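Trainee: Following the hints, complete the assembly by docking chain P onto the known chain F.
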Amino acid sequence: MEFAFTDEQAMIAETVQSFFRENATSERTRTAMAGDGIDRELWSAFCAELGLAGIGIDEELGGAGLGMVEFAIVAEAAGAQVAAIPLLGLATCAGAIAAGGTDEQKAEWLPQLIAGEAIAACEGMPALDWNGGKLSGTIDPVPHGGAADLFVFVTPGQAWLVRADAPGVSVTQHVTMDQTRPLARVVLDNVAAEPLADADAAIKALQTGGWLCLAAEALGGAQEALDRTVAYAQERVQFGRQIGSFQAYKHRLADMMIEIEQARSAVYWAACAVDEGSDEAPLALHAAKSFCADTYFMCAGNMIQLHGGIGFTWEHDAHLFFKRARSIQSMLGAGNFHREEIAKMVLGEAA
Amino acid sequence: MKLGFSEAEEAFRAECAAWLQAQMTGEFADIRGIHTLTDMPERRKEWEQHLGKHGWGCIGWPRQWGGRDATLAEQVIFAEEYARSGAPGRINHIGIELAGPTILAFGTEEQKQRFLPDIAAGKTIFCQGFSEPNAGSDLASVRTKGRLESGEWVVNGQKIWTSLAHISDWIFVVARTEEGSKGPKGLTFLMMPLDQDGIEVRGIRQINGDAEFNETFFTDARCPADSLIGNIGDGWKIAMGLLAFERGVSTLGQQMGFRNELDAIIAAAKDNGAANDPLIRQRIAKAEIGLRLMRYGALRMLSNSDHSKIDGAALTYKIQWASWRRDLGELAMDVLGQAGEIAGGSAYEWGMLPNLFLFSRSDTIYGGTNQIQRNLIAERGLGMPREPRGDL
Numbered sequence: 001m002e003f004a005f006t007d008e009q010a011m012i013a014e015t016v017q018s019f020f021r022e023n024a025t026s027e028r029t030r031t032a033m034a035g036d037g038i039d040r041e042l043w044s045a046f047c048a049e050l051g052l053a054g055i056g057i058d059e060e061l062g063g064a065g066l067g068m069v070e071f072a073i074v075a076e077a078a079g080a081q082v083a084a085i086p087l088l089g090l091a092t093c094a095g096a097i098a099a100g101g102t103d104e105q106k107a108e109w110l111p112q113l114i115a116g117e118a119i120a121a122c123e124g125m126p127a128l129d130w131n132g133g134k135l136s137g138t139i140d141p142v143p144h145g146g147a148a149d150l151f152v153f154v155t156p157g158q159a160w161l162v163r164a165d166a167p168g169v170s171v172t173q174h175v176t177m178d179q180t181r182p183l184a185r186v187v188l189d190n191v192a193a194e195p196l197a198d199a200d201a202a203i204k205a206l207q208t209g210g211w212l213c214l215a216a217e218a219l220g221g222a223q224e225a226l227d228r229t230v231a232y233a234q235e236r237v238q239f240g241r242q243i244g245s246f247q248a249y250k251h252r253l254a255d256m257m258i259e260i261e262q263a264r265s266a267v268y269w270a271a272c273a274v275d276e277g278s279d280e281a282p283l284a285l286h287a288a289k290s291f292c293a294d295t296y297f298m299c300a301g302n303m304i305q306l307h308g309g310i311g312f313t314w315e316h317d318a319h320l321f322f323k324r325a326r327s328i329q330s331m332l333g334a335g336n337f338h339r340e341e342i343a344k345m346v347l348g349e350a351a
Numbered sequence: 001m002k003l004g005f006s007e008a009e010e011a012f013r014a015e016c017a018a019w020l021q022a023q024m025t026g027e028f029a030d031i032r033g034i035h036t037l038t039d040m041p042e043r044r045k046e047w048e049q050h051l052g053k054h055g056w057g058c059i060g061w062p063r064q065w066g067g068r069d070a071t072l073a074e075q076v077i078f079a080e081e082y083a084r085s086g087a088p089g090r091i092n093h094i095g096i097e098l099a100g101p102t103i104l105a106f107g108t109e110e111q112k113q114r115f116l117p118d119i120a121a122g123k124t125i126f127c128q129g130f131s132e133p134n135a136g137s138d139l140a141s142v143r144t145k146g147r148l149e150s151g152e153w154v155v156n157g158q159k160i161w162t163s164l165a166h167i168s169d170w171i172f173v174v175a176r177t178e179e180g181s182k183g184p185k186g187l188t189f190l191m192m193p194l195d196q197d198g199i200e201v202r203g204i205r206q207i208n209g210d211a212e213f214n215e216t217f218f219t220d221a222r223c224p225a226d227s228l229i230g231n232i233g234d235g236w237k238i239a240m241g242l243l244a245f246e247r248g249v250s251t252l253g254q255q256m257g258f259r260n261e262l263d264a265i266i267a268a269a270k271d272n273g274a275a276n277d278p279l280i281r282q283r284i285a286k287a288e289i290g291l292r293l294m295r296y297g298a299l300r301m302l303s304n305s306d307h308s309k310i311d312g313a314a315l316t317y318k319i320q321w322a323s324w325r326r327d328l329g330e331l332a333m334d335v336l337g338q339a340g341e342i343a344g345g346s347a348y349e350w351g352m353l354p355n356l357f358l359f360s361r362s363d364t365i366y367g368g369t370n371q372i373q374r375n376l377i378a379e380r381g382l383g384m385p386r387e388p389r390g391d392l
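Going down the list, the sequences are from chains F and P. Once you know that position 126 of the first sequence is 126 in the working numbering, the rest is easy, because the numbers rise by one and skip nothing. Once you know that position 55 of the second sequence is 55 in the working numbering, the rest is easy, because the numbers rise by one and skip nothing.
Think of the hints as simulated: they come from the structure by calculation, not from any bench. Since no wrong hints were added, every one of them can be taken at face value.
Below, a list of computed lysine-lysine pairs in the BS3-like style, where the Cα atoms sit at most 25 Å apart:
no.: 1; chain 1: F; residue 1: Lys344; chain 2: P; residue 2: Lys270
no.: 2; chain 1: P; residue 1: Lys2; chain 2: F; residue 2: Lys204
no.: 3; chain 1: F; residue 1: Lys134; chain 2: F; residue 2: Lys204
no.: 4; chain 1: P; residue 1: Lys237; chain 2: P; residue 2: Lys185
no.: 5; chain 1: F; residue 1: Lys344; chain 2: F; residue 2: Lys204
no.: 6; chain 1: P; residue 1: Lys145; chain 2: P; residue 2: Lys182
Owing to the predicted nature of the structure, the values given are computational and were not obtained by experimental measurement.
For reference, chain F alone in the conformation it holds in the complex (with noise of 0.2 Å):
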């Protein structure tokens, strides 16, 4: 037991964490947001450069190994500069490859994912069509779908792959409130889709990915969230005096710092489960996932409230993390749906 980084862990971190502040600028941020919500740029910089988007995933599968924790680590540093890139979609459809894909779908895919080269995207379990070897169905809405190469689909026991350019999909962009991960409705109209050979491993993968990315970005962004308004309650004056001198400014800040250390244990613990196979892992994703979706959108909210006017203004960067905290919260299951498959298990309720 040492709940700590090791060495290799927090060199990890201080190259992500650099690597996303330096380049995941705000000004290159909007530009993205102006598009599909992809700076691709900083996605082939962080695939290829950094050469760390097959981490979790196997190296006789092209990965980079290291485990959910060393991918925890990675999000974290991203969301903390709500990097505009499709980090969801590689974690949860390259795990579900390299966990329920046929030796050449993961030859295929898996690749081009981790090189950058495709963009992949999925959603959580739509109602679908099977007939007949073809799909057909709506499935709204999927993050970063319009810029997706491949999609990912599971519905309970079934998991597809489906091409972007195959004919019979269609998809729109929705103007989304989160401009940096923007969702698409896609509509399959016998679609050739390609079943994955093991759909149960491939949505656990796809679920456990998930929920780790969301849970970590939202960590990062909480934490970044508190440090900006730490420094501006340093610099900020009013009534000749350091707006952070005030109790029931700091009070907030230290309400946020306390949420903020429950959330870094919850993303630490659900990941070391993971990647211990520990029984707990089913019930430390579900507390991951709720418990920092809510972290984020509370220290977003209070950053746009300590900032005063300026951080209601388009100019400033608090919205960008108040509107990822929101889409957060809400993705792949919200926070009272995760409570309640806990609450099925501590009231051994559990199927």
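Mentor: This is chain P only, laid out in the frame that chain F set:
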């Protein structure tokens, strides 16, 4: 980063569990599951001595002083198994977790020999004399006075909230020993025997009807000149060092107590149908999440070897558990309904859950109120300006 325990550690867990289980179903079955610190004090002193005799009194201490040199993981395991066995709260937790480590860190060789083996053996029970009627959150404004007089310290004044003073043998006192000094300067840390004419202990009845806390009056109370820890005037430094020990492994044992309380709520909710209410289910899930995060926060805190860095998990721990437990008490009453407001006997005495509801109102006050905690977090953790000191 690793959460799992090794095979050797799991074997140690089995050893602890077996021994504790044997005591709690055998010789000490009568004190199993007691949920206050005040019930059956004599039997609990015997239990402390029994733990000491078998080397389980303070396993994290050096072997030389009656401990086992247990690793951090082993201490975590023992704390968890202790609470799991239903063994009662340690009436000597102040001695084991505060006085002992303070003497170990700052005491002389002679003081170590005088006190440590007896604390480890469960023969010396300590209590803490910090707070005063006018020095609560503002601890540095203590007024209790100490002076050296013909080879003895003579102490006059009053301490309050001295938990378990009525069953303790020794008290450590922060006293003002420099005439005219103010604030953290001029304080000295003294160890005093309670059994003397100059000290009077009066119980304070709390909102749950119990009396765990006391007022302790010093009227020309005495202790030998070499009873101080550190030097004259070092009292504040020693007291602050001591408070840092408070965030030790014992928090994990405390959490297992919380586990027992949450399990009792879950059982009650299933029993009376409250578990079918979606809002109650959400709150049970939130309580479960909070408790788990408390555990992993404590493990992060204990795994943190870089003491030069501000440790956010440690700094926020007190307010987190205190607020969580207060919420738990409210959840307990919402689950129990009006049945929770009926004592069931002729005395004003409460079962585990109603007592949790009442007692938890003190958790957010003692050891630094939630308001003081937020100041500390903002000032020490986030670098915000300190609260200005008034001059009233």
